[in-house]
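Line order of the protein sequences matches chains A and B. Taking our numbering, the leading residue of the first sequence gets 206, the next gets one more, and so forth. Taking our numbering, the leading residue of the second sequence gets 206, the next gets one more, and so forth.
Keep in mind that the hints were calculated from the coordinates and are not lab data. Please note that the accuracy of each hint is not assured.
Identical chains blur together in the list; that is why a pair holds if it fits in one copy or across any two.
[As the list claims (entries may be wrong)] Listed below are the simulated DSS-like cross-link pairs for lysine-lysine, each with C-alpha atoms no more than 27 Å apart in a straight line:
{"hint": "1", "residue 1": "K501", "residue 2": "K293"}
{"hint": "2", "residue 1": "K527", "residue 2": "K233"}
{"hint": "3", "residue 1": "K349", "residue 2": "K229"}
{"hint": "4", "residue 1": "K466", "residue 2": "K431"}
{"hint": "5", "residue 1": "K419", "residue 2": "K293"}
{"hint": "6", "residue 1": "K347", "residue 2": "K466"}
{"hint": "7", "residue 1": "K458", "residue 2": "K431"}
{"hint": "8", "residue 1": "K527", "residue 2": "K466"}
{"hint": "9", "residue 1": "K458", "residue 2": "K537"}
{"hint": "10", "residue 1": "K343", "residue 2": "K229"}
{"hint": "11", "residue 1": "K273", "residue 2": "K415"}
{"hint": "12", "residue 1": "K501", "residue 2": "K229"}
{"hint": "13", "residue 1": "K273", "residue 2": "K312"}
{"hint": "14", "residue 1": "K506", "residue 2": "K216"}
{"hint": "15", "residue 1": "K501", "residue 2": "K312"}
{"hint": "16", "residue 1": "K216", "residue 2": "K419"}
{"hint": "17", "residue 1": "K419", "residue 2": "K229"}
{"hint": "18", "residue 1": "K527", "residue 2": "K273"}
{"hint": "19", "residue 1": "K316", "residue 2": "K431"}
{"hint": "20", "residue 1": "K527", "residue 2": "K506"}
{"hint": "21", "residue 1": "K312", "residue 2": "K506"}
Protein chains: 2
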Amino acid sequence: MTDVFQIVLAKRPVGDVTADCFRKETAKLPALNDGEILIASRFLSLDPYMRPRMSELRSYVPPFELDKPLTGGSVGEVVESRNPRYAKGDTVMGLLNWASHTVHDGKGLRKIDPAAAPLQANLGVLGMPSFTAWYGMKHICKPKAGETAFVSAATGAVGQVAGQLAKLAGATVVGCAGDEQKCQWAVREAGYDACFNHRTERDYGAVLDKLCPKGIDSDFENVGGKIFHEVFARLNNFGRVAFCGAISEYQDKDPIAGPPKMFTIVQRRLTIQGFIVSDHAAMLPEFVAEVGGLLKAGKLKSRETIVDGLAKAPQAFLGLLKGENFGKLIVKV
Amino acid sequence: MTDVFQIVLAKRPVGDVTADCFRKETAKLPALNDGEILIASRFLSLDPYMRPRMSELRSYVPPFELDKPLTGGSVGEVVESRNPRYAKGDTVMGLLNWASHTVHDGKGLRKIDPAAAPLQANLGVLGMPSFTAWYGMKHICKPKAGETAFVSAATGAVGQVAGQLAKLAGATVVGCAGDEQKCQWAVREAGYDACFNHRTERDYGAVLDKLCPKGIDSDFENVGGKIFHEVFARLNNFGRVAFCGAISEYQDKDPIAGPPKMFTIVQRRLTIQGFIVSDHAAMLPEFVAEVGGLLKAGKLKSRETIVDGLAKAPQAFLGLLKGENFGKLIVKV
């Protein structure tokens, strides 16, 4: 029997997530059954989509269960195997518990080469957030030279890649982020043409008018709410919105309504498309080839925040929902 | 010089259109220049999209000009020609003035065969409204067997065709309309599985839950506002909205906001696409072949209201915005 340290969902949040929604536990894991493997987690990805899973919303993934460990995209090492497809010492990636160890049936895991890239890159710039950015840009936003592309949460795990891909496609790229340091990184490192601080700018409409004088042709939407309303009002004819997330709504008991003047959708022939990257898993090889190539060529920068120790995951997650992290947020387990 | 009776835009409406926004005039038309033709209008189409053109909105067509005749899709007869492409007696279709006669340069007109169908059919079931329904269904809603398709303004010029096309595609089709007689026609004649009266039903959510127990897979949206909110909340995963119009907003000084919980777009991977059929004119032959074939085969019913006399056009248009017409509204000039 293995001792496990884990974090379980103690109660469902109403409105803001609070620390008491989580409970830290130690437990004993049972011996493995045939077909099972025991994985020691190395890195855990924290992502905004976990917030809706804490509630009992009808969502695209089932809600987390009460009194059971939360789960998240993780990289880990097989420490014991009764499954012929995995050997002790294999490095694997997949959905693991917020825990030191997870017993797993091996389904949905992917073996990775630990020498190919830093382990945690598989959760960020080579992983799900980057795949999300690539899908939304390539298949929905389709930015091109002469156009203006907007990215909300410009330096987040998804946004930072989305913005760079739009820039590589030749568009003028404008974003917003939650502090000056992030905005500076966006412009100096990630190549955004402009990035405004949505905490200090009071009039989103005015700043968008200034930074996007020719209107907005595509919007990679991570935030929703008031920023989205102002972006929506400035979309050009045939504008595209890749609706990836709406972090501004996740904590609201009574989220802000959609933008006024929905007839704008007709007048300007807008396409607003929601997507979840797991629906498009068949495109993963194409993504890996393209984005892996950009990384090797040094054409894609990334920024991450690594939190040391699983015990700090709840606090880091609360910070994520308030935009306190900078870039991809990862827990070193 | 020809005497012309015409209706001009006397003032721009704020909120509801009123009769004094229009002015009836008689005037003298100048002699034709080289290249011009004189057309006597026979039928004028009245359509909801004309309402936004009365305001100074940034829209997809320029606003009507003050003190000039309004224009609309029309069928007319060439009574004089100084353009080699048109001969006296030709029947033509295109954008003509709300007037007994229009001087025209011939551009954008289409010659039609007056023997092929009743003249006014070119403005309805063989014309722009039907082309609109066909494009939105075929290229955005894509209804199929096993799915539920919703059509707001179910018996309007566009909706009546949209609903029948969805039914022919095998979907369960539900609509709403503004009186009992229309709802009955929708079910008995146009083949809708159900149609509710949005003036007497108070709880749109409850009636949609009852009529669409498996949710809604596609929405052909003509109305917007509260009905759209309730439809949006019931869209299934991968649901499609063909946003064609939002008549509920046209008269509002302060239109209702978009639906709450925009994150739904992500959760259910919705696509909301606005469109204007004139962008897709290249598909007109395909539409004519398909829908013309259905008409010949007796598979498409249509309903129209013909108002006798151009002088009645303003009043008929006010009624159109209140849903008083039944089916395609046409003025016999």
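Now for the hints, and whether the structure bears them out:
For the homomeric pair K501 and K293, neither the shortest alpha-carbon distance inside one copy (30 Å) nor that between copies (71 Å) is at most 27 Å. Within a single copy, K527 and K233 get their C-alpha atoms no closer than 34 Å, and across copies no closer than 69 Å, so neither meets the 27 Å cut-off. In this homomeric assembly, K349 and K229 never come within 27 Å of each other (Cα to Cα): the closest approach is 48 Å inside a single copy and 49 Å across copies. When the C-alpha separation of K466 and K431 is checked against a cutoff of 27 Å, the pair qualifies both within a copy, at 14 Å, and between copies, at 13 Å.
With identical chains, the CA atoms of K419 and K293 are never at most 27 Å apart, being 57 Å at best within one copy and 47 Å at best between copies. Within a single copy, K347 and K466 get their C-alpha atoms as close as 25 Å, and across copies as close as 26 Å, so both meet the 27 Å cut-off. Taking CA atoms no more than 27 Å apart as the test, K458 paired with K431 passes in both settings, with 16 Å inside one copy and 21 Å between copies. Proximity of K527 to K466 under the C-alpha cut-off of 27 Å is restricted to the inter-copy arrangement: shortest distance 19 Å between copies versus 29 Å within a copy.
Taking CA atoms no more than 27 Å apart as the test, K458 paired with K537 passes in neither setting, with 32 Å inside one copy and 54 Å between copies. Taking CA atoms no more than 27 Å apart as the test, K343 paired with K229 passes in neither setting, with 41 Å inside one copy and 53 Å between copies. Taking the shortest alpha-carbon separations for K273 and K415, neither the intra-copy value of 49 Å nor the inter-copy value of 36 Å comes in at or below 27 Å. For the identical chains of this complex, K501 and K229 are neighbours neither inside a copy (40 Å) nor across copies (72 Å), given an alpha-carbon limit of 27 Å.
With identical chains, the CA atoms of K273 and K312 are at most 27 Å apart within one copy only, with a shortest distance of 20 Å there and 70 Å across copies. Neither within a single protomer nor between protomers do K506 and K216 lie at most 27 Å apart by alpha-carbon distance, with minima of 38 Å and 57 Å respectively. Within a single copy, K501 and K312 get their C-alpha atoms no closer than 30 Å, and across copies no closer than 55 Å, so neither meets the 27 Å cut-off. Taking the shortest Cα distances, K216 and K419 never come within 27 Å of each other, neither inside one copy (47 Å) nor across copies (31 Å).
For the homomeric pair K419 and K229, neither the shortest alpha-carbon distance inside one copy (51 Å) nor that between copies (41 Å) is at most 27 Å. In the homo-oligomer, the alpha carbons of K527 and K273 lie at most 27 Å apart inside one protomer (25 Å), although the nearest pairing across protomers, at 55 Å, exceeds that limit. Taking the shortest alpha-carbon separations for K316 and K431, neither the intra-copy value of 42 Å nor the inter-copy value of 50 Å comes in at or below 27 Å. In this assembly of identical chains, the alpha carbons of K527 and K506 lie at most 27 Å apart only when taken from the same copy (23 Å versus 56 Å across copies).
For the homomeric pair K312 and K506, neither the shortest alpha-carbon distance inside one copy (32 Å) nor that between copies (53 Å) is at most 27 Å.
Checked against the numbered hints above, the structure violates hints 1, 2, 3, 5, 9, 10, 11, 12, 14, 15, 16, 17, 19, 21; every other hint is satisfied.
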